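Chemist: Listed below, chain by chain, are the residues.
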Amino acid sequence: MKIALLGNPGAGKSLIFNQLTGLGVEVNRYPGSSVAIECGPVCYKGEKTEIIDLPGIYSLDGSSEEETLVRTFLTSGGADVIAAVLDATRLERNLYLFVQAAEFSPKMIAVINMIDDAERQGLFIDEKALCSLLKVPVILTAASEGRNIDRILPVALGEATRAGVQVPYDHHIEAALRSLEKNIGTPAHVNLLALQGIGDDPVLLDAAGAIAHEIELRHHMSVSQIIATNRHNFARQITAAVVRQSAQKKPYDLDSLLTRPFPGIPILCMILFLLLLSVFVIGSWMEGIVVAAFTTSVITPFTTLSLPPLWDRIGFSLLVALQAGFGIAFPFVFSFYIGLSLLEDTGYMTRAAFLADRAMHRIGLHGEAIVPMVIGFGCTVPAIMSLRLLKTRREQTIAAFLVTMIPCSARTVVIAGIVAAFVGIAWAFSIYLIVFVLLILTALVLGRTTPGEQFGMIVEMSTLRRPQARLVLAKSWIRIKEFLFIAMPVLIVTSIGLGLFQYFGWTELFEQLAAPVTVTLLGLPGYASTALLFGVFRKELAFETLAVLAGTADLGSVMTGVQLYTFAIVSVLFVPCVSTIAVLYRQLGARIAILTSFYTVFLGLFIGAIINILMK
Amino acid sequence: MQPSLREDYLEAIQLFFKKNARPPHTGELASGMGKPVSMVHPDMEELVSAGDVTVSAEEAITLTAQGQRTGESVIKKHETLQCFLSEILGMDSSTASEEACTLEHAVSDETIDRLGQLIVTRDRSRHHRQGKHAIHEGDRRTGEESGDSCQSYSISDFSEGEHVIIQCIHGRACAQRLLDLGLVPGERVTIKRKLSNGALLLQVKGCDVALGPEITSAIGVERSP
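One line per chain: the protein sequences are A and B, in this order.
Here the first sequence is numbered in our numbering, starting from 1 and rising by one per residue.
Here the second sequence is numbered in our numbering, starting from 1 and rising by one per residue.
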C-alpha cells in the first residue's frame, strides 16, 4: 500500500510525515524534475506501507514544477490512498485544493491538522458535518502535540473512500464539460484542465480552447478565473457549514513589529548577521575537530601503510576529498542548515522576503530571492539548488550570478586565514566591501541586459510558531544528504585528478604556463597558481595549499601584504568551486554554468591585476 | 403582489440606496415611485414577509441579501435594455427608458447576457473605426453596464488598513497563483501592510499574502463598504 500526503505548503505535512515514518527517509527524484519527493516505509499490522510526502502546493491547475509533478502523480495513480492534510486555521483555502484533488477520484481521507491552533483561535470544527459533506473519513489532528496522529494509518488503510464532493461549476463550464465528454470521451477532471489549456491531447486542447474562448467572451473573465471562483465559493460554503467561531481575545500580533520597515528591517539585518556569525564561529570550531580527528584516525595510519607511490597518491587524494567534504559539510553547511531550518520553521523567512522586496528590486530581483542569497553565505551549492523558488528564467539567471559571487563560508575561511591574520582586520572587511560593490554592479548590469520577464513576489506568510527540534533536525539532515550526494562525487573525482596531476609532476609545467598571469599580471609567486587551482576544488584549499607550497604557515614572512591581499581577493572572486559548477550545470544548464565560471575568472583576474598595479 | 411590482419596488429601493448611500423611508419611496404612502405600506409588509426587505422602527427600508440580488439584477436588465433600445435601435432615450421598465420584468438572464455581449462587441468595432471619441464613450458605457470590464482602481492605490473587493486580475503569468491563493473577483481583502515601494501584505481568506509591486499593479479593485 502507498499513502501519499497532499496539502498546502505549511499545512504540517512534513511534521506528520516525520512522526509517521521516523528517520528512515529516502529522497526520490522524478525523472526530469528537480523536485524531491520523500518516501518512508512503515509497518502497520504486518503490512508494509509506504508513506509519500508530496511537495506542498496550492493548486493542481498551475504549471510550476511541483504542481505538474503532483498532477502527474495523481493521474498516474501513484498512491493507493491520498491523505489530504488541511490546516484547520485556514480551512477554506485548504479545501480549495481538496476539492480539486477529489476530482481525480482517488481514495481519500481528510486530515484536519493544527486543530490545537484552531482551538486557541476559538475555532470549532464539526468533524461529523465535515465528514458527511466531504464523504470521506475526517481526522482532527495536532501534529505538534502528536494528537491523533496514530489514527491516520488505520483510517487510511481501512476506511478511505472516493470523495463524493463535486464543485457546482458555472452552467457554461458544466455545459462545456458535458460536450467535451460526449464528443471526445475524456473525464471531467481532464476536461477542466484542458479548458485552462493544460494537457497533452491536441484534439482535446483544440476543442476545449474553442469553447473556452467563447465562455471568456461571454463572461469577460478567463476560464481559470471562473473555475477558481466556483471552487473557492464551494469551499466557503463547506467552511461556513462546519466551522464555528467563538469570540476570542486577539493574541498579540508579532507581525506588527516584524513586517513594518521599522523595526522590521533592523531586526532582519540582526537575525541574518547573528545567523552568519554563529555559523562561522561554530563551524570553524567544529571543522578543527573534524579535520584533526580525520587526520589522526585515517590519514596518518594511511601514510604509514607505504603503498606503491601511485596508489598511495590516489588513496591519499581520495581521503583528502572525504576529509574536505566532511570537514566543510558538517561544520559549516550542516550548522547553517540548522539555522536556516529554524528560521524557516518559525515562519520568519516569509517576513524577510516581504521586507527585502524593495532592496531586491534595486538589483533586478524580488523578495523571494532573499532565500538563495542568505543560503549563499553558508554554501553556494544549496543556494543554487534553492533558485527553483524563483519562477522565471531571468530571475534565476541573475540570482545564479549573484549567488556564485557571495562569499560562502569557505571563502570566509580564506579571507580570515590570509588577510585578517597577516594583513589586518580592516583589510579583511575591505574585501567584503569590494565583493559587495562588484555584486551590486553585476546585478545592475544583469538587470538591464538579461532578457525575459519579471515575475514578482507572491508569498503566503506562514504562521509564526515555535519550531520543533525534531523537524528542524530531520529537515537539515535531508538537506545535508542532498548536499553530500551532489558535492561528494565531484570532490572525489577532482581530488584524484589533482593528485595524479601532482604525481606526474605537471604542477611545475602548469606554474610555468600560468606564470605570465600569476607573476606578471598579479605579481604573485609562481607557486600561487597551483594554490589557486586547488582553490577551484574547494575554496579554503587555496589557503591551505599556499601554506604547504610556501613551506611555512607564517605566510607573512614569505609574501608581502599586497601579494597576500591580491591572492585572497583573486581566490575569493574567481571561479565557483567544482561542486558549484556541477550544481549550476544541473539546475540551469551548461550555458549558465560556463558563463558564470568565465565571468568570475575574468572578474577575479581583473580586480587582482588592478590591485597589483595600484598598490605595488 | 404582482412579480413585476415586487421587482419595481426592489429596484427603486436599490437605486435610492445607491444614490443617497442610506435606505429610503416609506414616504421617500412612495414619492419616488409616484404612489400614495397608504398603498406602499401594505406592499412593504408583504415584501417583509417574503424576506426581501426589513423595515426599521423609523420606517427605513433596507434590502435583505435576497432583495438586493433581485434589485441589482433588475437594474442591470433595465440598463442593458435601455442601452440596446437607444444606442442600437436608435429610440429616443425617454421612450427607451419607459420601454425598458416594462420589458425588464419579462426578459431572461440569457437574453440580457447576449444583448450585453452585442453592445460590447459593437462598441469595440466602433472604436476601431471611429477613433478617440468612441473609445471614451465605449469605455464609459461598458463600465457602467457590466462592471466587469476593468476600469476600476489598482489595489496599489489604496493604503494600509483599507478593505477592498477584487474586481479583476490582468495578465496571465501571475494570475493562476493569485487565484489559487483566493484572490478571485468578488473576494474582500484587507491591506495589512504597505511598503514604500508598493509591496503589499494582504489578508485574504484568513491568510496573509505578500505581493510585490509588479503583481499588485495587475489587481483591479473597488473600495469595500
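Derived from the structure by calculation, the hints contain no laboratory data.
All values reported here derive from a predicted model rather than from experimental measurement.
Fair warning: there could be bad hints in the mix.
[Said to hold, decoys possible] Derived DSBU-like pairs: lysine-lysine, alpha-carbon spacing no greater than 35 Å straight-line:
#	chain 1	residue 1	chain 2	residue 2
1	B	K19	B	K35
2	A	K48	A	K616
3	B	K18	B	K76
4	A	K250	B	K192
5	A	K250	B	K76
6	A	K616	A	K481
Chemist: List, from low to high, the hint numbers that the structure doesn't satisfy.
Modeler: 2, 5 and 6
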